[in-house]
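Undergrad: Residue strings, one per chain:
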Amino acid sequence: MYKDDLTPEESFKIIDKAISNFKTNYKESAQIFLLWGWILTLACFAQFIILKIIQSEEAFEQIGLLSIGNWVVLILIGFIIQFFIVRKIDREKKVYSYLEGYLKSLWMVAVVSIFVAIVICVKLEIEPLAFILLIAGIGTTTTGLLIKFRPLVIGGIAFFIFSIATTFVSVEYLNLLAGAAIICGHLIPGYFLKFAK
Amino acid sequence: MFKDLDPLLHSQLRLAIVSMLVASEKVEFTHIKEQTKAASGNISIQVKKLQEAGYIDVEKTFKNNYPKTMLSITDKGVKAFEDYVNDLKKYISPK
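Protein chains in written order, with this note's numbering: chain A, 1 to 197; chain B, 1001 to 1095.
It is worth saying that the hints were derived from the structure and are not from the lab.
Just to be clear, a hint being listed does not mean it is correct.
[What the hints assert, rightly or not] Once the Cα atoms are required to be at most 27 Å apart in a straight line, the calculated DSSO-like pairs of lysine-lysine come out as:
no., chain 1, residue 1, chain 2, residue 2
1, B, Lys1068, B, Lys1049
2, B, Lys1089, A, Lys104
3, B, Lys1063, A, Lys13
4, A, Lys13, B, Lys1026
5, B, Lys1060, A, Lys94
6, B, Lys1060, A, Lys13
7, A, Lys93, A, Lys52
8, B, Lys1048, A, Lys194
9, A, Lys94, B, Lys1068
10, A, Lys104, B, Lys1068
11, B, Lys1090, A, Lys17
12, B, Lys1089, A, Lys13
13, B, Lys1037, B, Lys1068
14, B, Lys1090, A, Lys88
15, A, Lys27, A, Lys123
16, A, Lys94, B, Lys1026
17, B, Lys1060, A, Lys93
18, A, Lys94, A, Lys13
19, B, Lys1090, A, Lys93
20, A, Lys27, B, Lys1037
21, B, Lys1026, B, Lys1049
22, A, Lys197, B, Lys1060
23, B, Lys1079, A, Lys17
24, B, Lys1033, B, Lys1090
25, A, Lys148, A, Lys88
26, A, Lys17, B, Lys1033
27, A, Lys197, B, Lys1048
28, B, Lys1033, A, Lys93
Produce the complete structure using the sequences and hints provided.
TA: Structure representation (structure tokens):
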């Protein structure tokens, strides 16, 4: 069944077949994109509603507490769910590709960069959203280019456009804009990835 | 006929195994079995030969109380694969 007397052409065919049949299934990444897409969209819209309600009730002293609570609680929930998703993926995993390692590093650096950008912006007293969306755009576009998945590249470009758009929108609507950016940049490409053949 | 080609790689199953390992960081034994459709015993023999030559690493762990064998290519294996492909090219277009 398996022979050792191969012609060079047969050898190339074996190499080609082994490598081309061996494409990693990136659909599992869709779960992470969708998780954070939903978590961050909810957080943005919740933040918009919190600010609207508090403004209307003139209870300004509650803004800080509710805002921080909104983000901390939802992000914490996101990390807990991510832990279980990653554990399940690892259990079923049979192939560890080099690319997955690069993507993991890319997103770890992106998350750290977002936190650094927020700290810098708080210190400089400027709105951090443009920089957050820019970094998310870098991560998403690069991921799309590396796994050769066009909807993610387009989602990443959408982040860049929304990043510029933040400079034209008044502060009270920034959370709505951020929510829209995450829907276009993460949620829609995430569903495309989930249902990709 | 093709005496310059690495005899360890110039074999259908071993070449398929090494080609898969070149493309990934780590691959589980069962996945190689699924892809090559070869018998476990046959794969084990070829894996042992490649391991003894220092071309691949074999890591045995447990997953849900079941043994899990992960294979990965070594630097020596990558070099041997590159040399093998270059030698093949010479046969196809000798200059």
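Undergrad: Next step is simple, just say for each hint if it's right about the structure.
TA: Results of checking the hints against the structure:
1. Only pairs whose Cα atoms come within 27 Å are accepted, and B:Lys1068 paired with B:Lys1049 is accepted, the gap being roughly 19 Å.
2. Taken as a hint, the B:Lys1089 and A:Lys104 pair is broken in the structure, with Cα atoms around 36 Å apart against an allowance of 27 Å.
3. Between the alpha carbons of B:Lys1063 and A:Lys13 the distance comes to roughly 34 Å, so the proposed pair goes past 27 Å and is violated.
4. Annotation: proposed proximity of A:Lys13 to B:Lys1026 holds, straight-line Cα distance about 22 Å (limit 27 Å).
5. About 13 Å separates the Cα atoms of B:Lys1060 and A:Lys94, which keeps this hinted pair within 27 Å; it holds.
6. Proposed proximity of B:Lys1060 and A:Lys13 is contradicted: the alpha carbons are some 30 Å apart, above 27 Å.
7. Note on A:Lys93 and A:Lys52: the hinted pairing is violated, with a Cα-Cα distance of about 45 Å set against a maximum of 27 Å.
8. The suggested pairing of B:Lys1048 with A:Lys194 is violated, with an alpha-carbon distance near 38 Å, which exceeds 27 Å.
9. In summary, the hint linking A:Lys94 to B:Lys1068 is supported, as the alpha carbons are separated by about 9 Å, within the 27 Å threshold.
10. Of the pairs offered as hints, the one joining A:Lys104 and B:Lys1068 holds, with about 23 Å between alpha carbons and a cut-off of 27 Å not exceeded.
11. Of the supplied pair hints, the one linking B:Lys1090 and A:Lys17 holds, its CA atoms being roughly 21 Å apart against a limit of 27 Å.
12. Using a Cα cut-off of 27 Å, the hinted pair B:Lys1089 and A:Lys13 holds, with the two alpha carbons roughly 13 Å apart.
13. Distance restraint check for B:Lys1037 and B:Lys1068: the Cα-Cα separation of roughly 18 Å lies within the 27 Å cut-off, and the hinted pair is therefore satisfied.
14. The suggested pairing of B:Lys1090 with A:Lys88 is violated, with an alpha-carbon distance near 46 Å, which exceeds 27 Å.
15. For a cut-off of 27 Å, the pair hint linking A:Lys27 to A:Lys123 is broken: about 39 Å separates their Cα positions.
16. The hinted pair formed by A:Lys94 and B:Lys1026 meets the criterion: a straight-line CA distance of about 8 Å does not exceed 27 Å.
17. Between the alpha carbons of B:Lys1060 and A:Lys93 the distance comes to roughly 15 Å, so the proposed pair stays at or under 27 Å and holds.
18. Between A:Lys94 and A:Lys13 the CA atoms are separated by roughly 24 Å; this keeps the pair inside 27 Å, and the hint holds.
19. A hinted pair counts as satisfied when its Cα atoms are at most 27 Å apart, and B:Lys1090 with A:Lys93 does not qualify at roughly 38 Å.
20. Proposed proximity of A:Lys27 and B:Lys1037 is supported: the alpha carbons are some 24 Å apart, at most 27 Å.
21. For a cut-off of 27 Å, the pair hint linking B:Lys1026 to B:Lys1049 stands: about 18 Å separates their Cα positions.
22. As the CA atoms of A:Lys197 and B:Lys1060 are separated by approximately 33 Å, the hinted pair breaks the 27 Å bound.
23. The hinted pair formed by B:Lys1079 and A:Lys17 meets the criterion: a straight-line CA distance of about 20 Å does not exceed 27 Å.
24. Proposed proximity of B:Lys1033 and B:Lys1090 is contradicted: the alpha carbons are some 31 Å apart, above 27 Å.
25. Under the criterion of a C-alpha separation no larger than 27 Å, the hint pairing A:Lys148 with A:Lys88 is consistent with the structure, at around 25 Å.
26. Restraint check for A:Lys17 and B:Lys1033: satisfied, since their Cα atoms lie roughly 15 Å apart, inside the 27 Å limit.
27. For the proposed pair A:Lys197 and B:Lys1048, the alpha carbon gap of about 36 Å is over 27 Å, so the pair is violated.
28. At most 27 Å may separate the alpha-carbon atoms for a hinted pair to count; B:Lys1033 and A:Lys93 meet this at roughly 15 Å.
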